[in-house]
Each structure stands twice: as C-alpha cells, then as structure tokens.
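**Q** Make the full structure from the sequences, and use the hints.
There are 2 protein chains.
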Amino acid sequence: MIDEVLSFLDSNGERALADLKKIAGIPSIAAKNEGIEECSEMVLGMLEDINLEAALHATSGSPVVTGLYDAGASRTLMFYNHYDVQPAEPLELWKSPPFEPDERDGRIYGRGVADNKGDLVTRIWAIKAFLETGKKIPVNVKFVVEGEEEIGSVNLQDFTSKNEEFLKADGGIWEFGGSDYDGVQQAWLGLKGIFYVQLEVEKLSRNVHSSMGGILPSAPQKLVDALNSLKGPDNQILIDGFYDGIQPLSEAEWEAIDKIDLHEEDMKEEYGISQFQNGLTGRNLKEAVYGAPSSSICGLTSGYQGEGSMTVLPGNASAKVDFRLVENMNPLDVREKLRKHLDAHGFTDVKIAWSEGYAAAKTPIDHPFVDVVRRANDKVFGDLRVHPTSSGSGPLYLFKDHVPMVSVGVGDVESRSHSPNESIKLENFFKGMDRIALIVDEMGRW
Amino acid sequence: MIDEVLSFLDSNGERALADLKKIAGIPSIAAKNEGIEECSEMVLGMLEDINLEAALHATSGSPVVTGLYDAGASRTLMFYNHYDVQPAEPLELWKSPPFEPDERDGRIYGRGVADNKGDLVTRIWAIKAFLETGKKIPVNVKFVVEGEEEIGSVNLQDFTSKNEEFLKADGGIWEFGGSDYDGVQQAWLGLKGIFYVQLEVEKLSRNVHSSMGGILPSAPQKLVDALNSLKGPDNQILIDGFYDGIQPLSEAEWEAIDKIDLHEEDMKEEYGISQFQNGLTGRNLKEAVYGAPSSSICGLTSGYQGEGSMTVLPGNASAKVDFRLVENMNPLDVREKLRKHLDAHGFTDVKIAWSEGYAAAKTPIDHPFVDVVRRANDKVFGDLRVHPTSSGSGPLYLFKDHVPMVSVGVGDVESRSHSPNESIKLENFFKGMDRIALIVDEMGRW
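Chains as they are written, first to last, in this note's numbering: chain A, 78 to 523; chain B, 78 to 523.
Read the hints as simulated data drawn from the structure, not as lab findings.
Wrong hints could be hidden among the right ones.
Because identical chains share one entry, a pair is satisfied inside a single copy or across any pair of copies.
[Unchecked claim] Once the Cα atoms are required to be at most 27 angstroms apart in a straight line, the calculated DSS-like pairs of lysine-lysine come out as:
#1 K336 / K109
#2 K428 / K345
#3 K109 / K428
#4 K417 / K428
#5 K299 / K417
#6 K417 / K99
#7 K299 / K428
#8 K345 / K363
#9 K414 / K299
#10 K212 / K456
#11 K299 / K345
#12 K213 / K245
#13 K428 / K308
#14 K109 / K99
#15 K299 / K363
#16 K363 / K477
#17 K417 / K308
#18 K213 / K456
**A** Below, the structure is given as structure tokens:
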C-alpha cells in the first residue's frame, strides 16, 4: 500500500517543487512584518487542498495556521513548521534574487527553501500522496505552522496556551533537519533556548563633530566597553549567576554523543577558520555544541559606516546580542542578570531596548517515537545520526509537555540557512517527502 | 575708500547669497568621490570672475583650485578653503534637503554652508567688492581651495610640495570660524592633527547562523575587545608611548586660555549632556580642549542592523576611529604604535585596513597678523576671542612654515557642521564679507 504512495510522490516531484517555488517566492519576513498575511493565506489554502480542517489563528503578531485530519486512529502525528523567513540581507551577495527560487546544479536556491518552506512542502505533499492515491491515512495528523519563528516565536504562546488540547500527539516532526558532511541523515531531539536583546546607548542629543571627542561622552565607546565586559578572553560569560543550575550532559547523552563525528575539518573548511573558538576540539567542542550556553554579537551599529572617513562623534550606538540557553535557564532570568551586570559595572546608561526569547527543551533520547523516525529514515536514506540537541533554538518548550518531537528535514551542510544563497538539494527534497510518508506508515503500525 | 567697498557689499548681499546657494547645491562629497569635478570647475569660474589668475592643479585625488592677484604690494594675504563637504547622512534627519539650500528664520540651511562654502563665498565676494567698485586691492591675494579636507586632505601635499613658493604669504585666513554662545566672534590660531583609521576583523568566510556562536570565532567580539583595549575607563589612551613628547601648554597660552569662557552650561545644553567626559570642568576641560590628544570611535559596523532580530554570527566587523593629535605627534608614528598595541594584546587579526592623517600646527599667539585680524573684526563684530588652537583638525601643518594663519569665519554655535541641518546665520554671512574686506584694508596699512 505504501508503495503506491511512494510511487505517486516519485511521479509528482515537479508538482511539489512548483509549490515550493510559489511559497518561497513570497518574502514573508516577520522581522519586517512583510508578506505575512499573503503567506499565511497560502499555507491555509495548501492545508485545505489536502482536505485538512484548516484554520488561521490570530495572535498579537503573525497568525498561526493549523490543519487537522481526524482518522479516528489511535495515534496522532504532529508537524511543526514556520512560514516566515529571515531577512535576505546582504542582498548583493545573492547569485540569484532571494525571492525568485532558482534551480541550478541539482539544488534550489532562495530565501526560506531550507528554513523552512522546503520541509513544510514535503510534509503537505506526503499527506497529499495518501489522498490522491486514495489510501487511508493510518494516523491522525496535525499541522502547526507559525509565522514568527525567525523572530523568536514571540506570539506563539498566544496560540499554544489557548489550544493545549490540539497540541497533544504521540509524536511530532519538528521543522528542520538534513544530511551531514558525509551524507548521513541527522535527527535532533532538542533545541537550545535563546535570549536575544537589543542594547542601546544614547549619550548626545545628536551626532557631533569628532573633534569634540576629547571632552564629550562617547556612545559607541560605552557600548563597546559594555560588550567587552560580558565575556572573558576564554569566551566565558561573565554575567554573575549566568551558569547557575545548568545540568551536565547525562551518561546516556554522552553515549550517543561519543558516537557522533562532528567533522571538525569539514566545518573548519566550511567556515574558513583554522581553529574553533578558544581552540575547542573533540569532547570539549561537543560539550559546547550539546551542553553549554553561549553568547554572540549579531549586529553592531554606530555613526558613519560608508566609504572613506567621516569625522563624527556618534550620539548613539546599538548592538544586537543573542544568548543560547540550555535546559534550566530562563530568558527572563537572564535578562535580569544582564541588567544587574550592566548596572554593577558602570553601564546603567546601556539600555535594554527590547528582548525576546524562550527556554530550551529536549525529547528523551530513549523515547519509542525516535525509533519510528529511525525506521522510516532507514528505508529512504539509510543511517540516522541522532543528536540529543541542536545548537539552534526554537519554541520546542511550548510543545514538550504535549508531544515528543524529533527534528528531521531536507537541508544539508551547504544549505546556508540565514545566509545569502540559501538552498537545498533537490534529491533531499524528493526523498524527504518519501520519509514523511513512511513515518506516517510506520506510526500506523506502532 | 573702504566705505565704498563695504557699501557695495551691503547692497549686494543677495547676489553673494545666490552664489552660496549655487555652490552649496552641489553634493561635492570627497568621501564618495561625488560632485568633485563639477564643484572644482565652479570654484575656478568664481575665481576667474574676480579677475584672479586661477588654475586647477591635478592631484592623485580632488584637484586644488588656486587664484592669484598680484597687486605689486609688499604684503600678501592668503585664503585657505575647501570645496568638499561631509556626507549628508543620516538624510532622514534633515528638515530641508541637504543639497537644496533653504533660507528660514534668518539662517540658511544646507550641507556645506557652514563647512566651508559660506566662508569661501564671503572671501570671493570681499575681493569682488574691490573690483566692482574700482578700488585698488592694497595687498597681493592668494586663494588655495582644496577638495579633500573632509577626508583628511590626503592629496593636498601633492600640491603644496610642488608649489612652496605660492604658499608664501604674510598672513592667511584659515577656513572656518564663528561666533560663540554669547555672540562674541572667535579666532583660532592652530589646529590639532588627526590620525583616522579603519579597523577590520574577518573571522569567518561568511555570515553564519548565530547558533554556532558557542564554537566559532566572533569578528564583532574581537573588534569590541580591541576597541576596549585602546582606552581606560578614564578615557586615557592605553597605546604604549602614545603621549610621548607632548609639550604642556605654555604660560602665554594659559594666559590667553584663562580669559576664555568655554560656556560649559551652554555646551551641555547644546549636546544634551549632564556632564563632560569623566566630569571634566574648568581648567581640566580647557586642557583637554587646547592641550591634549584624544581618540573616538566614529563608526561601528557588523552583522544585522535592521529592525527586529536576525540570528546571525557576522563573519566580519569594522570600526572607524579617529585620534586627535597635538604638536610633536606624528600620524605615522601613531599608526605604528597602534599596530604594536594590537599585536601585543592578542589582536593580530584586527587589521588596519587604511589610515590617513596629519600633524598639528599653531601660529604663535603673539604674531602681528593676529592683530590685523583683530582690528578688522573690531570694526564689524566687536570683541574677538582668540583660541591658541581649535580642537578640530586640518592640514595647517602644510602651510605653517610659509604663512601665519588665523581662522575666522561665518559659523556660530548652532551651525551643526558634520551633522544634519547644517546652517549659518545670514547676518554672519553678510558681516563676514565686511570683515574680510577690512582685513584686506588693514593689511594694506600693516
């Protein structure tokens, strides 16, 4: 029976790809509040098209789109995806326009094809395949497709808190995934939390000639000094109490992690580095990836940034900083500790203009749903490399009490999510649909 | 005789103002290499129009425009001006377009009207007044009008080294000046030197998802740490040997300085501050203004700078930093010391992408030409407040062995040079022409 479904997908890959091109053509950038309505309506239409009971749920921000297929089955499978994308800047680095998806060399390029519209389309088409071949779907199916993942899912809780019943499922497929440097498919069982903050300093009522720099206070210097105070030379975060309550990785997790090859040399080549931060390698590198929080500057702005020189003392300066959190860390708590740190170190004038974030979450490494995904993956791709957590973040914490999530998807190590020339392999896209169909099938026999 | 000249200027203020509007309408931005040719040709035409022997001198950058009137007189008066302007960014803060000069409330607004096209036009029109009234100009007159002052006069030396004879004069009027908070006119006898540098850090071959921030090196963090290392909390510059060889202000200078009221409260109000850097006040503030070098960040750039959040680990980061120098400091020497500092503090990967600058220079406070200017000023404006040096910079060091320069001009404390809504008072513009005509007259009787 599943063979007919797979055969349908095999014959209809180009139709699915056309859907991806259509949805990836919409610049649905939550950070700029662009294209959100149009894209949410398109997702709604796609879910209705596969006969799901679909709905748009208003939030204070982007609407959440849901779909439900009640098969009267004992098991329920959930999909979590998002229809928003990162901004495409810097635009000049794209080889083809970011919102005109372009096929070349066995890949498709465009903002959002990897993160996360490619995965969304494979999941919709896997269900469509059952429908169009007239095969009974052996599980109940739920879709939750949000529109603010790239800005920290700031309003998803509006939806989840009102729809706890809908969140209940026996297993869920999280948004992303893909093949490793050696081609082996990977699954992630958890996500780090995040605390993202905009720091702002205003010292003068306007920009002033920089000849006044000897006597007027400097906003960019203050910002630089504050950012410097946050981290030691070993990249340890110097905020008092920042690491409080963090649990070390468990033995079961280390057992899984020890089997993972991080492909250090491949990563070095990919990122153009001669060594990792602080010379991290081996188990230390793995601990940083799977078990430790971190902090990075995502943006710096002040004064004149054009060509050549402009002798200006900027009146203000700002920085965007993200903190990645592990379990038992709370973004609001980090915000408080950051504020205390700034105040205690003479940076009362460094304002937290806004912040957002959420906690970390993990699905237990020995959960039976992990094996459902593994069996399905085996039939399409072969081996599955299981990571206890991703170093990435997402709103998994809103789901973790209701459904065990496993993240697999159609990306690969060249996908460049969040960067110019984002892309996926067409092969992964087509096989990704098969894997979802097989997860549905395996879950019916769980 | 001079009365007729002044009367002509009184009747023809609007014609002079029309010339200012015309030249200030050209966005001659050396930093962007825009409008330079057009503006240099216009200056050439204006000098030819007052019967000067005018010439365009090619350099590796913007041409230098000169004008010569040989009266066969014993004294020679020089004018130094520049026809380039600062970039107008941020454009959205201008109340009228920066390159469409706009008269309102007794002022004229536009990029360059204060710095330095207003002064250039007053000087040309003062000479024109002698010409049009048929009065003999009692001194030889020289104009040097360069086109790269706002980018550190990087190629002016191409001109000055080949034209040392032309630089000889008995007195010169430097580019700028204006009235103080209390309306009293000011003159400056010196300029600080400047060393302006672009620092760049590249740690990754591209921008990467910031979830990798726990293991990849961070370009913005490295830049921030390097900038932090340059200055102590008291704003002392921590570069080894930076202060070597600096002479304290002389007794004669302190005598003049002690008479100067810096109008601290007015300045605080103007810049929107509750106190100066490190609480400087009184003689300490004056020492910082007249006798000390300084350093300021003029620009910071890295990663995402738009609205909202983008979770990116930027592959590179850059900063523009200027150092203001006093006499006996050499920009090349500062560059070397900065490089040594960076290398010694673990910042070998912070590159000096480019730099430019020049040394400080001062005209002796007791030079007789200072009194020529004072007498002329007295007849138009009244008192003249003489500063031993400006905290600003300029290529005075190229002239100082050939001509004693005094800087007076048509600005005021609301002129906002280098900022949006740059402007001058119309009254200062009109009276400024008279003052120049009277300097010519006084110099003829020196």
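**Q** Next, verify each hint and record whether it holds.
**A** Results of checking the hints against the structure:
For the identical chains of this complex, K336 and K109 are neighbours neither inside a copy (41 angstroms) nor across copies (55 angstroms), given an alpha-carbon limit of 27 angstroms. Within a single copy, K428 and K345 get their C-alpha atoms only as close as 36 angstroms, which misses the 27 angstroms cut-off; across copies the closest is 22 angstroms, which meets it. Taking identical chains as interchangeable, the C-alpha atoms of K109 and K428 lie at most 27 angstroms apart only when both belong to the same chain, with a minimum of 22 angstroms there against 34 angstroms between chains. Taking identical chains as interchangeable, the C-alpha atoms of K417 and K428 lie at most 27 angstroms apart only when both belong to the same chain, with a minimum of 12 angstroms there against 34 angstroms between chains.
In this assembly of identical chains, the alpha carbons of K299 and K417 lie at most 27 angstroms apart whether taken from the same copy (16 angstroms) or from different copies (24 angstroms). For the homomeric pair K417 and K99, neither the shortest alpha-carbon distance inside one copy (48 angstroms) nor that between copies (55 angstroms) is at most 27 angstroms. Proximity of K299 to K428 under the C-alpha cut-off of 27 angstroms is found in both arrangements, the shortest distances being 11 angstroms within a copy and 22 angstroms between copies. In this homomeric assembly, K345 and K363 come within 27 angstroms of each other (Cα to Cα) only inside a single copy, at 15 angstroms, whereas the closest approach across copies is 53 angstroms.
When the C-alpha separation of K414 and K299 is checked against a cutoff of 27 angstroms, the pair qualifies both within a copy, at 19 angstroms, and between copies, at 23 angstroms. Proximity of K212 to K456 under the C-alpha cut-off of 27 angstroms is restricted to the intra-copy arrangement: shortest distance 20 angstroms within a copy versus 101 angstroms between copies. Taking CA atoms no more than 27 angstroms apart as the test, K299 paired with K345 passes between copies only; the shortest distance there is 19 angstroms, against 34 angstroms inside one copy. In this assembly of identical chains, the alpha carbons of K213 and K245 lie at most 27 angstroms apart only when taken from the same copy (22 angstroms versus 98 angstroms across copies).
For a Cα distance limit of 27 angstroms, the shortest separation of K428 from K308 qualifies both inside one copy, at 18 angstroms, and across copies, at 22 angstroms. Taking CA atoms no more than 27 angstroms apart as the test, K109 paired with K99 passes inside one copy only; the shortest distance there is 20 angstroms, against 40 angstroms between copies. For a Cα distance limit of 27 angstroms, the shortest separation of K299 from K363 across copies, 23 angstroms, qualifies, whereas the shortest one inside one copy, 35 angstroms, does not. Taking the shortest alpha-carbon separations for K363 and K477, only the intra-copy value of 24 angstroms comes in at or below 27 angstroms, while the best inter-copy value is 63 angstroms.
Proximity of K417 to K308 under the C-alpha cut-off of 27 angstroms is found in both arrangements, the shortest distances being 15 angstroms within a copy and 24 angstroms between copies. For the homomeric pair K213 and K456, the shortest alpha-carbon distance inside one copy (21 angstroms) is at most 27 angstroms, but the shortest distance between copies (101 angstroms) is not.
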